[in-house]
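Asker: The lines below spell out each chain.
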Amino acid sequence: MTIEIKPAKASCNYQELVKHDRVHTSLYTDSAIFDDEMEKVFYSTWVWVGHASEIPEAGSFKTTYIGKQPVIVARDRKMKVHVLLNRCRHRGATVCEHKKGKTASFVCPYHGWSYATDGSLRGVPHPEGYADILEKGDHPLVGLRVEEYAGMIFATFKDDIEPLDSYLGPAKKWMDLFMKQGGGYPIKAGNAHRFRFPGNWKIQLENTTDAYHFPLVHKSFLSSVDQQTLDMLDFVEGAGYVEDLGNGHSVMVMIPELVDLEANLDAPIPTRFEELAQQLREKHSEEEVRRIVRAVGGSGFNLNLFPNIACSMAFFRVLQPIAVDQTEIHHVVLTMDGGPEEANRARLRMHEHFQGPMGFGTPDDSEAWERVQKGASAGQDLWILLNRGLPKEVKTADGLRSDVSAETGMRAAYQQWKKLMTA
Amino acid sequence: MNTNLITQVSAFIWQEADMLDHGEFQSWLDLWTADGLYIIPIDPLETDFLNTLNYAYDNHAMREKRVYRLGSGESISTVPTARTIRTTSRFRILSEAGDRVTVRCAQNLCEFKKETIRHYTADVTFELVKTGDSFRIDRKVIRLINADDALQGIAYIL
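Top to bottom, those sequences are chains C and F. The C-terminal position of the first sequence is numbered 423 in our numbering, with every residue numbered one higher than the one before it. The C-terminal position of the second sequence is numbered 158 in our numbering, with every residue numbered one higher than the one before it.
Since the hints were derived computationally from the structure, they do not count as laboratory data. Please read these numbers as outputs of a predicted model, since none were measured by experiment. Even for Gly, the Cβ is constructed at its ideal location relative to N, Cα and C. It is possible that part of the hints are untrue.
Claimed, not checked - Only part of the chain F face toward chain C is listed, based on derived beta-carbon distances under 8 Å:
{"no.": "1", "residue": "T52"}
{"no.": "2", "residue": "L53"}
{"no.": "3", "residue": "A56"}
{"no.": "4", "residue": "H60"}
{"no.": "5", "residue": "R69"}
{"no.": "6", "residue": "G153"}
Said to hold, decoys possible - Now the in silico label distances, taken between C-beta atoms and shown as ranges:
{"no.": "7", "chain 1": "F", "residue 1": "D148", "chain 2": "C", "residue 2": "K80", "range": "39 to 47 Å"}
{"no.": "8", "chain 1": "C", "residue 1": "Q326", "chain 2": "F", "residue 2": "R104", "range": "30 to 38 Å"}
{"no.": "9", "chain 1": "F", "residue 1": "D99", "chain 2": "C", "residue 2": "K100", "range": "50 to 58 Å"}
{"no.": "10", "chain 1": "F", "residue 1": "T47", "chain 2": "C", "residue 2": "V394", "range": "52 to 60 Å"}
{"no.": "11", "chain 1": "F", "residue 1": "T47", "chain 2": "C", "residue 2": "G59", "range": "22 to 30 Å"}
{"no.": "12", "chain 1": "F", "residue 1": "L50", "chain 2": "C", "residue 2": "H139", "range": "45 to 53 Å"}
{"no.": "13", "chain 1": "F", "residue 1": "T121", "chain 2": "C", "residue 2": "E286", "range": "44 to 52 Å"}
{"no.": "14", "chain 1": "C", "residue 1": "C12", "chain 2": "F", "residue 2": "R104", "range": "51 to 59 Å"}
{"no.": "15", "chain 1": "F", "residue 1": "H119", "chain 2": "C", "residue 2": "H98", "range": "22 to 30 Å"}
{"no.": "16", "chain 1": "C", "residue 1": "G123", "chain 2": "F", "residue 2": "D99", "range": "58 to 66 Å"}
{"no.": "17", "chain 1": "F", "residue 1": "T87", "chain 2": "C", "residue 2": "H139", "range": "49 to 57 Å"}
{"no.": "18", "chain 1": "F", "residue 1": "I145", "chain 2": "C", "residue 2": "K102", "range": "20 to 28 Å"}
{"no.": "19", "chain 1": "F", "residue 1": "S134", "chain 2": "C", "residue 2": "N264", "range": "48 to 56 Å"}
{"no.": "20", "chain 1": "C", "residue 1": "L230", "chain 2": "F", "residue 2": "S134", "range": "48 to 56 Å"}
I would like the entire structure built from these sequences, with the hints used as guidance.
Answerer: Right, here's the structure in full:
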């Protein structure tokens with residue numbers, strides 16, 4: 001079903017605000033642009049809504065947002081995934097207020113209208129008040145178009161845009177590589193750290209492929225790891241790279257040896273995983289031990305999928321715009337479904353060490369972003385400079401590539417942003 | 001009701017709170033047993049902290065690292081350091097067996113940093129081990145009332 005969205009009045013010329021190597025600060029501060037973004041970006045393209053493992057069984061569901069619209073992601077009796085507007089077709093109440101769960105139906109608490117997990121309207125109490133003017137078939141929970149790749153579930157309001165497969169394009173092979181951190185087990189998307197920062201969503205979007213900030217902002221994290229890990233994370237002048245994959249997507253490869261987690265499993269096991277390897281040897285073959293331990297460390301890259309999801313080293317980063325100067329971020333921990341407890345514990349502890357409001361990494365990122373938003377209110381006609389890495393940028397089979405600390409990823413995202421905002 | 005014990009544990013817990021509010025971190029580290037764990041769960045109903053995701057699950061090494069980070073100046077979210085003033089109250093002995101005492105209390109913490117005041121309210125459950133005429137902390141589990149909501153950075157020790 002096509003959802004009609006009336007285009008918002010274009011109050012500014014987006015062609016002028018996004019140049020090849022810089023974008024106008026109003027993109028962070030103008031709430032009219034934010035409102036326009038909801039229509040032209042979040043309600044006009046493929047938006048990530050969940051991972052298949054979050055809704056594993058018939059009747060499983062989670063609630064989330066697409067832009068500012070509350071939605072339910074549900075798996076019906078036949079195991080098909082639906083993304084439904086969380087809004088009763090009677091008088092507009094949300095029909096589900098739980099973050100996740102399992103149900104046979106969604107019942108509106110106001111007048112008891114009852115919907116199946118595929119969104120169809122099944123029950124209307126006291127139907128005699130409608131006689132024959134209410135056709136239940138005309139009033140399901142509104143369903144969006146849903147497609148999935150590598151367990152990643154995306155939805156769109158648009159029936160006429162390209163399929164997810166071609167929207168993702170070259171990003172698909174990176175998603176496949178990322179999922180190898182299941183170590184032979186299915187990936188399980190678990191709990192998440194949720195936090196908000198007082199800044200625009202695009203500030204966080206840019207940060208996902210920003211190697212340049214890592215040694216400084218994350219100095220305190222680097223001070224808390226062993227020497228071997230420290231050397232591994234000293235990647236700014238290393239052999240990594242950033243690549244524009246088209247459609248706003250990009251990948252930042254920090255540690256090339258960890259792009260394919262199954263490659264070169266004979267390499268020595270890092271010191272920090274030796275104890276874990278010993279524990280695993282009690283029940284697993286040496287080959288399995290090496291595959292699992294390698295997977296525990298996560299991938300050596302951040303894949304940024306425009307507009308709202310990143311596969312980032314060992315976790316999913318979800319961004320949710322709240323207002324022009326307020327964004328909610330989720331860092332979803334990933335474990336091995338059915339995998340060894342010790343390996344999963346290592347993943348949890350690693351995630352706790354860096355991520356979340358009490359991690360050694362996230363609060364410093366958040367501080368930097370907060371300061372960007374604050375500084376953005378200074379000056380009337382200043383620009384966000386995104387020209388790093390341009391001189392050595394080269395064309396590749398998939399797009400454009402430059403050194404790991406280049407701002408190629410940001411440029412990729414803003415070109416897609418401009419394309420959608422001027423469509 | 002063993003009001004003597006309640007007096008003793010509340011004095012100990014108040015002392016811990018005062019140490020944290022006044023930056024006496026080495027003294028705070030010395031309050032713990034060797035295997036003690038400082039845990040801040042996301043799901044307030046969770047009981048299996050080892051196998052689920054928390055905001056913090058700190059053994060001795062992690063507590064030391066956390067304290068180091070607060071003072072090193074390397075973390076921009078700790079500069080300026082937040083001022084905290086916390087109160088603990090509503091002490092209830094949940095169990096006493098041998099030298100182990102489990103006590104639950106309510107903590108209200110006020111944080112001030114960069115023109116902003118924030119409040120964090122939590123149930124805090126301590127497992128204390130009687131040591132000499134005082135105690136050591138073997139478990140401190142902090143369940144924020146809004147633990148599963150979207151928080152902001154907490155750049156100090158709760």
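Asker: Hint says 48 to 56 Å; check whether the CB-CB distance for F:S134 and C:N264 agrees.
Answerer: holds, 54 Å
Asker: Less than 8 Å between beta-carbons is the criterion; does F:A56 satisfy it with respect to chain C?
Answerer: holds, 5 Å
Asker: If you check the beta carbons of F:T47 and C:V394, does the distance land in 52 to 60 Å?
Answerer: Because 54 Å falls inside the window, the suggested range holds.
Asker: For the pair F:I145 and C:K102, does the Cβ-Cβ distance stay inside 20 to 28 Å?
Answerer: Because 26 Å falls inside the window, the suggested range holds.
Asker: Given a hint of 30 to 38 Å, does the C-beta separation of C:Q326 and F:R104 actually sit inside it?
Answerer: Taking Cβ atoms as reference, C:Q326 and F:R104 lie about 35 Å apart, which means the hint holds.
Asker: Does the Cβ-Cβ separation between F:L50 and C:H139 fall within 45 to 53 Å?
Answerer: holds, 47 Å
Asker: Interface hint check: F:T52, Cβ to nearest Cβ on chain C, cutoff 8 Å. Holds or violated?
Answerer: holds, 7 Å
Asker: Okay, F:T47 versus C:G59 on CB: inside 22 to 30 Å?
Answerer: holds, 25 Å
Asker: When the nearest CB of chain C is found for F:G153, is that gap smaller than 8 Å?
Answerer: holds, 3 Å
Asker: Within 51 to 59 Å: is that where the Cβ-Cβ distance between C:C12 and F:R104 falls?
Answerer: holds, 56 Å
Asker: I want to verify a distance hint. Is the separation of the beta carbons of F:T87 and C:H139 within 49 to 57 Å?
Answerer: holds, 53 Å
Asker: Does the Cβ pair F:D148, C:K80 satisfy 39 to 47 Å?
Answerer: Hint violated: Cβ distance 29 Å, outside 39 to 47 Å.
Of the numbered hints given earlier, the model fails hints 4, 7, 9 and 20; all others are met.
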